[in-house]
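Peer 1: Residue numbers (the numbering used here), protein chains in the order written: chain A, 1 to 215; chain B, 1 to 215; chain C, 1 to 215; chain D, 1 to 215.
If you are wondering where the hints come from, they were derived from the structure by calculation, not from laboratory data. Using N, Cα and C, we set each Cβ at its ideal position, and we do this for glycine too. Check the hints yourself; a few may be wrong.
To be verified - Listed next, the stretches of chain D that the computed footprint assigns to chain B, with coverage defined by at least 3 CB atoms under 8 Å from CB atoms of chain B:
no., region
1, 153 to 164
2, 175 to 181
Stated by the list, open to error - For each label pair, taking beta carbons as the anchor points, the in silico distance ranges come out as:
no., chain 1, residue 1, chain 2, residue 2, range
3, D, 130, C, 149, 36 to 44 Å
4, B, 35, C, 132, 19 to 27 Å
5, D, 130, A, 23, 54 to 62 Å
6, D, 36, C, 174, 38 to 46 Å
7, A, 23, B, 72, 53 to 61 Å
8, A, 14, B, 174, 27 to 35 Å
There are 4 protein chains.
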Amino acid sequence: MRYGLTGSTGRMGKEIIEVFKGHDLVLEVNDTGIFRHGEPEVIVDFSNREVLKTTIELAVQFGAGVVIGTTALSQSDLTDLRTLSEKVPVVQSYNFSTGINIMKMILREFSSLLKDFEAELIETHHSGKKDAPSGTALMLKDATERDLPIHSLRVGGVPGDHSIVFANEGEVIEITHRAISRKVFAIGALTAARFCLEHEKGFYSFEEVIRWTQR
Amino acid sequence: MRYGLTGSTGRMGKEIIEVFKGHDLVLEVNDTGIFRHGEPEVIVDFSNREVLKTTIELAVQFGAGVVIGTTALSQSDLTDLRTLSEKVPVVQSYNFSTGINIMKMILREFSSLLKDFEAELIETHHSGKKDAPSGTALMLKDATERDLPIHSLRVGGVPGDHSIVFANEGEVIEITHRAISRKVFAIGALTAARFCLEHEKGFYSFEEVIRWTQR
Amino acid sequence: MRYGLTGSTGRMGKEIIEVFKGHDLVLEVNDTGIFRHGEPEVIVDFSNREVLKTTIELAVQFGAGVVIGTTALSQSDLTDLRTLSEKVPVVQSYNFSTGINIMKMILREFSSLLKDFEAELIETHHSGKKDAPSGTALMLKDATERDLPIHSLRVGGVPGDHSIVFANEGEVIEITHRAISRKVFAIGALTAARFCLEHEKGFYSFEEVIRWTQR
Amino acid sequence: MRYGLTGSTGRMGKEIIEVFKGHDLVLEVNDTGIFRHGEPEVIVDFSNREVLKTTIELAVQFGAGVVIGTTALSQSDLTDLRTLSEKVPVVQSYNFSTGINIMKMILREFSSLLKDFEAELIETHHSGKKDAPSGTALMLKDATERDLPIHSLRVGGVPGDHSIVFANEGEVIEITHRAISRKVFAIGALTAARFCLEHEKGFYSFEEVIRWTQR
Numbered sequence: 001m002r003y004g005l006t007g008s009t010g011r012m013g014k015e016i017i018e019v020f021k022g023h024d025l026v027l028e029v030n031d032t033g034i035f036r037h038g039e040p041e042v043i044v045d046f047s048n049r050e051v052l053k054t055t056i057e058l059a060v061q062f063g064a065g066v067v068i069g070t071t072a073l074s075q076s077d078l079t080d081l082r083t084l085s086e087k088v089p090v091v092q093s094y095n096f097s098t099g100i101n102i103m104k105m106i107l108r109e110f111s112s113l114l115k116d117f118e119a120e121l122i123e124t125h126h127s128g129k130k131d132a133p134s135g136t137a138l139m140l141k142d143a144t145e146r147d148l149p150i151h152s153l154r155v156g157g158v159p160g161d162h163s164i165v166f167a168n169e170g171e172v173i174e175i176t177h178r179a180i181s182r183k184v185f186a187i188g189a190l191t192a193a194r195f196c197l198e199h200e201k202g203f204y205s206f207e208e209v210i211r212w213t214q215r
Numbered sequence: 001m002r003y004g005l006t007g008s009t010g011r012m013g014k015e016i017i018e019v020f021k022g023h024d025l026v027l028e029v030n031d032t033g034i035f036r037h038g039e040p041e042v043i044v045d046f047s048n049r050e051v052l053k054t055t056i057e058l059a060v061q062f063g064a065g066v067v068i069g070t071t072a073l074s075q076s077d078l079t080d081l082r083t084l085s086e087k088v089p090v091v092q093s094y095n096f097s098t099g100i101n102i103m104k105m106i107l108r109e110f111s112s113l114l115k116d117f118e119a120e121l122i123e124t125h126h127s128g129k130k131d132a133p134s135g136t137a138l139m140l141k142d143a144t145e146r147d148l149p150i151h152s153l154r155v156g157g158v159p160g161d162h163s164i165v166f167a168n169e170g171e172v173i174e175i176t177h178r179a180i181s182r183k184v185f186a187i188g189a190l191t192a193a194r195f196c197l198e199h200e201k202g203f204y205s206f207e208e209v210i211r212w213t214q215r
Numbered sequence: 001m002r003y004g005l006t007g008s009t010g011r012m013g014k015e016i017i018e019v020f021k022g023h024d025l026v027l028e029v030n031d032t033g034i035f036r037h038g039e040p041e042v043i044v045d046f047s048n049r050e051v052l053k054t055t056i057e058l059a060v061q062f063g064a065g066v067v068i069g070t071t072a073l074s075q076s077d078l079t080d081l082r083t084l085s086e087k088v089p090v091v092q093s094y095n096f097s098t099g100i101n102i103m104k105m106i107l108r109e110f111s112s113l114l115k116d117f118e119a120e121l122i123e124t125h126h127s128g129k130k131d132a133p134s135g136t137a138l139m140l141k142d143a144t145e146r147d148l149p150i151h152s153l154r155v156g157g158v159p160g161d162h163s164i165v166f167a168n169e170g171e172v173i174e175i176t177h178r179a180i181s182r183k184v185f186a187i188g189a190l191t192a193a194r195f196c197l198e199h200e201k202g203f204y205s206f207e208e209v210i211r212w213t214q215r
Numbered sequence: 001m002r003y004g005l006t007g008s009t010g011r012m013g014k015e016i017i018e019v020f021k022g023h024d025l026v027l028e029v030n031d032t033g034i035f036r037h038g039e040p041e042v043i044v045d046f047s048n049r050e051v052l053k054t055t056i057e058l059a060v061q062f063g064a065g066v067v068i069g070t071t072a073l074s075q076s077d078l079t080d081l082r083t084l085s086e087k088v089p090v091v092q093s094y095n096f097s098t099g100i101n102i103m104k105m106i107l108r109e110f111s112s113l114l115k116d117f118e119a120e121l122i123e124t125h126h127s128g129k130k131d132a133p134s135g136t137a138l139m140l141k142d143a144t145e146r147d148l149p150i151h152s153l154r155v156g157g158v159p160g161d162h163s164i165v166f167a168n169e170g171e172v173i174e175i176t177h178r179a180i181s182r183k184v185f186a187i188g189a190l191t192a193a194r195f196c197l198e199h200e201k202g203f204y205s206f207e208e209v210i211r212w213t214q215r
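Only chain A is shown next, with the shape it has when bound in the complex (with noise of 0.2 Å):
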């Protein structure tokens, strides 16, 4: 596969260079400018939202799918990326965990049937991560079709907790995710290229990436 790399020195972009090693990276871009060696067939972007219209534009440019990974988008940001899906595939998720996005179908599935329960959310990242709450907890608050309580912790050097308490008079349901390390992204941003050299325009959620490698 020969791919481009937004945010490639980050310490994301260094992970997703680990994980991608056997494919070729063709397309860089950083702060220091945008370096091309040849003619990208997807684009990864787990940098931020500023660098987000750079990514877009040379997606355009050779027709790449776009793997987006960024948080913290805005509705226009949003409305560029669904732009983008009408001329290649884009896979776009806050979260690019197998884990999260299984604990987020079990929520949207279960969660009426849990409707005498009441629940709250926890999650837990490193002390770095300025917001807050996470990308993650909103979509999984998102799932449960509830106005519910998002609490946030930053310790340490978590990688990234996230926790949904159930309860009712008698007893306690709880779900948690524990990402072990960050590469756990990278592994997902890789599945979502391959998945996007396989299909045709559109915007595609991380979900159906899974539901593509269980066929």
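Given chain A, put chains B, C and D in place with the hints provided.
Peer 2: Below, chains B, C and D alone, put in the same frame as chain A:
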């Protein structure tokens, strides 16, 4: 509702009487004999397999539905209950908590999507509990359709915790159920008894009772 | 032991009567009045601060020790109790569980050794609990001598969980306490009442009661 | 610091080289031979007991302190290390994380105060880990001075979790340690190496290293 109760003097029997307040206890089976002051519509038995035959005979005699929460039933006990269910409604489960049954549904549905994750079960109960692993842990294991290890802790007065841990190279998902009090099982028994009154003969799981409450 | 009980008709009052079985309840204070059939050696009050003055007056009248589990006391309430303790033994704590008090001791002693770890507190209680954070959470925070965030969850019938999470760049330590039932506080009250019988006037913490039981 | 490293090509060896950046690696022992470009002041060995004799000989030859993180040492290995410690400083531990060692101190000090609580241990590691229970779990068990059950889970890529559950009739205390990454052990090794430079011959635990850092 006119109900009968096998094991009316035991710890669980007392919980049931407490939760069934407002209904008529017309038949009691316990260590000192069988006491009848009316015709039960349903018989509840959370005692032990030694008295199962008595419960079945009384159910046949009165055409009463049966709610069976006895654990550690043998294959032949289950056959006897199946035979009984050709005459009356029988609700049988190793665990009458809503939460545990929803956990079972989640495992049955998502275990295959988590096929790249390894899994193990942990269950913790009060040190007075003699059987290990718990019937509930075995039920949850069955739901995963995997041959996974079960770890049994027996400490203090814990009413009953069950956890399943799924992990792959980069992430962990843990689903935990905690019974806050024994009352939860008596509440489940009452719901199952109501279900019997509205259903024909047949062999039902507590899961069917839950789905019925969600109509 | 001859004991008095303030709030004898409340939920906690009933637990205390249950656990104090075998001792003589000779004085009751509740919504309908004050009922006396003897001279109490100790008065137990887990009700609310509105009736604290009555409890103090009765303690002075009978020279009875006092066990105070009322939460959300004001500074002036505490001053009143200190004054009372110049005449009789007073055991005051926001939490009468052995486990919570041992957790407090651990935090007081090890918080400084964990100085390179960041910390946050989480407490979970039944949704009927009105104050947040819990008095116990504040007590645990004090023990750490740190200014740390407290997250309060209010769901279902959870009797009371308290967790502290310490994390540095490479590791996490979590200490969790779970009350299994309200009974644990009544058991602590009984131990504290016994402590009063064997001690002179003075203001005592429940921690001193625990150390006394370990002699 | 001039240091030697036994097992320099293994997974832990690489972590150590990464964390020791800025110090001089002057001696390497690995599968392909012994490579020396200077005189080590301290030798670090987190490999396996087969090469322990080589590490000891080199330490004697250079008068270098030794940091030993090898697990599953035999009684005779420990005797050899004790003998070595009559000549040079030796820091030996089955776990070089600050958190685990603080957990050990808590257990040693509070296990007796929790005498009315029953206890069990759970440890979870990646499925590649062959020994069970972990050396760390055995070390924690020793600290409690109790004969308690240890449950070992082997799933996915979990770096290493250890939990101890204490419970009595009414409450549960759980203390959990989670390694976020292997790096934590390499950081501990660096601290222990620094400790060696400032200490005389003797056999030291990592706990003594931690107390030294807190001066």
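Peer 1: Of the hints given before, which are not true for this structure?
Peer 2: 2, 4, 5
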